[in-house]
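Enquirer: Residue numbers (this note's numbering), protein chains in the order written: chain A, -8 to 384; chain B, -8 to 384; chain C, -9 to 113; chain D, -9 to 113.
Be aware that a few hints might be false.
To be verified - Under the rule of at most 25 Å between Cα atoms (straight-line distance), these lysine-lysine pairs were calculated in the PhoX-like manner: (1) A:LYS(-7) - B:LYS77; (2) D:LYS110 - A:LYS362; (3) A:LYS212 - B:LYS81; (4) B:LYS77 - A:LYS102; (5) A:LYS102 - B:LYS19; (6) C:LYS74 - C:LYS(-5); (7) C:LYS65 - C:LYS10.
To be verified - One-sided excerpt, in silico: chain A residues whose CB lies under 10 Å from chain D: (8) TYR56; (9) ASP177; (10) VAL265; (11) LEU266; (12) PHE292; (13) SER311; (14) LYS332; (15) ASP365; (16) LEU373; (17) TYR376; (18) GLU377; (19) GLY379; (20) ILE380.
Claimed, not checked - Ranges of calculated distance between the beta carbons of each label pair, as one might list FRET restraints: (21) C:GLU60 - B:ARG369: 33 to 39 Å; (22) B:GLU321 - A:LYS77: 38 to 44 Å; (23) A:PRO14 - B:GLU321: 30 to 36 Å; (24) A:PRO14 - C:GLY7: 39 to 45 Å; (25) C:GLN88 - A:ASN78: 31 to 37 Å; (26) C:GLN88 - B:GLY207: 43 to 49 Å; (27) A:SER382 - D:ASN35: 29 to 35 Å; (28) A:GLY207 - B:GLU333: 55 to 61 Å; (29) D:ASN(-7) - A:ASN78: 49 to 55 Å.
It should be emphasised that the hints constitute simulated quantities derived from the structure, not laboratory data. Cβ atoms here follow ideal geometry from the backbone N, Cα and C, with glycine treated the same way.
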Amino acid sequence: MKIYLDNSATTPLNPHVLEAMLPFFTDKFGNASSIHSYGREANRAVSEAREIIAECINARPSEIYFTSGGTESDNWALKGAVYVSKNKYKHIITTQIEHPAILNTCAELEKQNVEITYMNPSNEGMINPKELSNLFTENTILTSIMFANNEIGTLQPIKEAARICREQSVLFHTDAVQAMDSQKIDVKELGIDMLSMSAHKFYGPKGIGVLFVKTGSRLGKLINGGEQERGLRAGTTPTPLIVGMAKALEISVRDREKNNQRILRLRNIFIDRVLSEIPYVYLNGNRENRLPNNVNLSFAFIEGESVLMRLDLAGIAVSSGSACASGSLEASHVILSLGVKEELAHSTIRFSLGVDTTEQQMDYVFNVLKKTVDDLRRMSPLYDYEKGIGSYV
Amino acid sequence: MKIYLDNSATTPLNPHVLEAMLPFFTDKFGNASSIHSYGREANRAVSEAREIIAECINARPSEIYFTSGGTESDNWALKGAVYVSKNKYKHIITTQIEHPAILNTCAELEKQNVEITYMNPSNEGMINPKELSNLFTENTILTSIMFANNEIGTLQPIKEAARICREQSVLFHTDAVQAMDSQKIDVKELGIDMLSMSAHKFYGPKGIGVLFVKTGSRLGKLINGGEQERGLRAGTTPTPLIVGMAKALEISVRDREKNNQRILRLRNIFIDRVLSEIPYVYLNGNRENRLPNNVNLSFAFIEGESVLMRLDLAGIAVSSGSACASGSLEASHVILSLGVKEELAHSTIRFSLGVDTTEQQMDYVFNVLKKTVDDLRRMSPLYDYEKGIGSYV
Amino acid sequence: MYNDKVIEIFKNPKNIGDLKDANAIGTIGNASCGDIMQVFLKIENNVIVDAKFKTFGCAAAIAASSIATEMIIGKTVDEALTLKNADVVAELGGLPAQKIHCSVLAEEAIQAAIKDYKEKNNG
Amino acid sequence: MYNDKVIEIFKNPKNIGDLKDANAIGTIGNASCGDIMQVFLKIENNVIVDAKFKTFGCAAAIAASSIATEMIIGKTVDEALTLKNADVVAELGGLPAQKIHCSVLAEEAIQAAIKDYKEKNNG
Ligand SMILES: Cc1ncc(COP(=O)(O)O)c(C=O)c1O
Ligand SMILES: Cc1ncc(COP(=O)(O)O)c(C=O)c1O
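Starting from the given sequences, assemble the full structure and let the hints guide the process.
Expert: Structure follows, in structure tokens:
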């Protein structure tokens, strides 16, 4: 049995998406910038894809810019806002729980003398937008708050944060990479200026993303060259990936409610069962205000990677910390920011369900997990197996 | 009949390449950074692809960095070298005939007070590397000279240019995007520090490229985030694209000699025929020192786009100027840099042959072309149809 | 890019060539910009009885030349003077944004030809 | 990542648990770094007759603990002291670069246990 519970790291391509992409690899392969028939055919497909994606978030097609993924979109939003700003001193507000695509971009900008303020979350992983008002300075050019966190799945109050920023004429960007699949996103209603997405998080292809940029927002370029994407993002248009992204988002939106309900139910049963049947387990992040497919648990006295590897040996794929940070010896910055102690932070596992997850699978996962935790605690110096209690040696 | 003679703009995906990619979309879809079995499977495929590509250019696998394409590679090479340099004043040497991915990056860097020197080509489109010695200043950090020009196909003396730069401890980058398919490239023997490539120019997928960076060359980051590509290029690894790129390059290298010979023969017959049977036609770029698949001709008295559109109506895809510049009213900067007069520069067409081009196709193209030139000259105010001579009204 | 009508006209343009007995010629644009449009008119009693063109330019320029000459044949000189580039674009069923200037050339070439006629006759 | 041997040992580690009659205990690492290794030794006539471990850590840490305890059983205390982390890595058939520190922990835990033994007996 192989069970994939790492859908927040990446998702399998939907076969219908692949089908939509196929003609554009070998047959309708033209360069969308070419003016001959091959080019026009590709160009039409790209235009249609742009329209579909725009419609999915209630934007205009001209506000959709294709990038190589969520990371590039995040880099572009932040650096582009900085490059174009005429302020002598520049200030950006973001949060401690952002993805490395934001945090490491901020670290880079700090080297370039941009001042960054990192908001901290509550111990349930929520950002309080009311705190924003105290953080604005005359130099604040941008606020970037993620829509949903990639580790603990918490959904942030984007609408209120965007409103507060708008009142101060501060640009508002949101990294919606994790939110796209399950959340209804209407950029107009939410009042968002920029939004990042990445196709492979919603059963689309890897290597393609979008930055939504509201008409009128000025943005510098990250990648210079040809006149693609209305002159703002150069590089030969990857038509098959773009077509695939649009198809994937279209399907995601169409099936969203149905999938959310089903996955949410499996998710909740699983959390309840683990919390009631395995001792010393803690759920990270607010229980209600989170992505329907996210489970993030800390298993006291045992280390996350060894749990992950045991599950892997049983055919179950999960994540300890985020995939990018794998191989690092540091506990997750997100879990630590919740005030979780370092040793417990090292004991964290994320299960992220997907459209293919079944009840049978989750039963099996629960059983393997219970035995795994038992086995590993048996060899933990932090746990007294005889007494069934934790103790620090 | 549909005939594609725009292989320098982009190529169709080789069906064997698609076949190699397919399992990684829906089946082996894991995130290559994940440590579970899905991740390890993807990671192995990426490692193998990196080895294949490294071997094709005689580099080490650790010197191969995946990007979203040639444009990103070019941006990264130039900006990365600037960002990491501790020089107070920075100077880059490049040429007037580079692709916009280099030229517009240079224009951006000029805004950031980097000084750029643009070498001019001979009227046959060749750069003279001996001129380099007079151009170095104490601030010169990098020279970037394209391997083969995308419009006129001229092959530049990369080995000598690299040697001269090495003697001055100046980094040497080459944009080899157009050269990869037909030229043998050994980065060690050529003494190259950085090299850009793009898969879709050699029958691989769009949206994936490589920057080769020689061990020991320091380079700043263009895209910050996760620890992918040894921490230098963040973003979820696009496994299917990477696998496809490696397969495409492997096939290209394997079939190179055979394809080159066949294409070169068709190309030479075509050039000879056009030059001898259609009056007032001029070949741009050195005739010998050029890509085997490139034909670039100026047809006096008639405008390029109308030639292109006529050929398109007959099922033939060619390019006027480079694809990126399409829709622009300016004549090609490459053709102008050869000293060609502006009106003649507006009369330029690029035919770029490919692995699927046949003798029959080229015969048909010649016949359609001859009639097209005739028809358009008949309606040209620059041509006296009765007398068969040009005249400026 | 181009709509079917533009393509069709570009494929089979009308009114190509010199007009041997033209009594008005207008030339606009220059080759270094990639566009030259030349309009020949035969005007009798202030009515344009025939019009031809020669154009060095893109498909849009050729289609605009063709349709513009068609639009003015049979019109009086004063009527022809009211032809605006937007009329040409409308008659073509639209042009890509970066090709609108081709329709402007057509308007200007006709005006230049009529100016030539007026200068010759009144001047 | 891990080779098959590491995975196999991680799957079925040897010498897990407390040693009731241990006369030497060494503990290295701390939970905030994500690694704690505890080694229990039973030493008779300067010979390690039994060894067990408890480990809070990744697969590499658990595999290293298991193999290291196996490697020292039957050895004299002085022989065990010569065990280097590189020996543990070699016996495991290699470890990923970022996991080498797990083998260092194994070496140090054994040395700590032997130090404990020597202090108790000589000190
Ligand atoms: C919240 C968030 N932002 C950004 C990214 C980066 O997206 P990508 O890896 O597709 O570039 C990810 C996923 O890796 C993510 O989860
Ligand atoms: C010489 C050259 N450099 C760079 C590029 C850019 O490559 P890409 O469009 O794949 O980003 C191209 C092609 O477009 C090219 O011909």
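Enquirer: Now, for every hint given, state plainly whether the structure supports it.
Expert: Comparing the hints with the structure gives:
The suggested pairing of A:LYS(-7) with B:LYS77 is violated, with an alpha-carbon distance near 51 Å, which exceeds 25 Å. Between D:LYS110 and A:LYS362 the alpha-carbon distance is near 38 Å, which puts this suggested pair outside the 25 Å criterion. Distance check on the hinted pair: A:LYS212 and B:LYS81 sit about 21 Å apart at the alpha-carbon level, within 25 Å; holds. A C-alpha spacing of about 14 Å is found between B:LYS77 and A:LYS102, which places the hinted pair at or below 25 Å, so the restraint holds.
Pair hint A:LYS102 plus B:LYS19 does not hold up; C-alpha atoms about 39 Å apart against a cutoff of 25 Å. Note on C:LYS74 and C:LYS(-5): the hinted pairing holds, with a Cα-Cα distance of about 19 Å set against a maximum of 25 Å. As the CA atoms of C:LYS65 and C:LYS10 are separated by approximately 20 Å, the hinted pair is consistent with the 25 Å bound. Because the closest C-beta pair between A:TYR56 and chain D is about 36 Å apart, greater than 10 Å, the hint is violated.
A hinted interface residue such as A:ASP177 counts as satisfied when its beta carbon comes closer than 10 Å to some beta carbon of chain D; here the least separation is about 42 Å, so the hint is violated. Given the 10 Å rule on beta carbons, the hint for A:VAL265 is violated: about 20 Å separates it from the nearest Cβ of chain D. Given the 10 Å rule on beta carbons, the hint for A:LEU266 is violated: about 22 Å separates it from the nearest Cβ of chain D. Hint status for A:PHE292 relative to chain D: holds, with the closest Cβ pair at about 7 Å, below 10 Å.
Against a cut-off of 10 Å between C-beta atoms, the interface hint on A:SER311 holds, since the closest Cβ of chain D lies about 9 Å away. At about 8 Å, the closest approach between the beta carbon of A:LYS332 and any beta carbon in chain D falls short of 10 Å, and the interface hint on this residue holds. The beta carbon of A:ASP365 comes no nearer than 12 Å to any beta carbon in chain D, farther than 10 Å, and the hint placing it at the interface is violated. For A:LEU373, the interface hint holds, the least distance from its beta-carbon to any beta-carbon of chain D being 5 Å, beneath 10 Å.
About 8 Å separates the beta-carbon of A:TYR376 from the nearest beta-carbon of chain D, less than 10 Å, and the hint is met. Interface hint status for A:GLU377: upheld, as the beta-carbon distance to the closest one in chain D is roughly 9 Å, under 10 Å. Here the hint on A:GLY379 is broken, as its CB sits about 15 Å from the closest CB of chain D, past 10 Å. For A:ILE380, the interface hint is violated, since its Cβ never comes within 10 Å of a Cβ in chain D; the closest pair sits about 15 Å apart.
At about 18 Å, the CB distance of C:GLU60 to B:ARG369 disagrees with the hint of 33 to 39 Å. Checked against the given bound of 38 to 44 Å, the beta carbons of B:GLU321 and A:LYS77, roughly 29 Å apart, lie outside it. A hinted range of 30 to 36 Å for the beta carbons of A:PRO14 and B:GLU321 is consistent with their spacing of about 34 Å. The beta-carbon spacing between A:PRO14 and C:GLY7, approximately 43 Å, falls within the hinted interval of 39 to 45 Å.
Separated by about 34 Å at the C-beta atoms, C:GLN88 and A:ASN78 satisfy the suggested range of 31 to 37 Å. With their beta carbons about 46 Å apart, C:GLN88 and B:GLY207 fall inside the hinted range of 43 to 49 Å. Checked against the hint of 29 to 35 Å, the pair A:SER382 and D:ASN35 passes, with Cβ atoms roughly 33 Å apart. For the pair A:GLY207 and B:GLU333, the beta carbons lie near 37 Å from each other, so the given range of 55 to 61 Å is not met.
Against the hinted window of 49 to 55 Å, the Cβ-Cβ separation of D:ASN(-7) and A:ASN78 comes to about 53 Å, which satisfies the hint.
Hint compliance for this structure: hints 1, 2, 5, 8, 9, 10, 11, 15, 19, 20, 21, 22, 28 are broken, all remaining hints hold.
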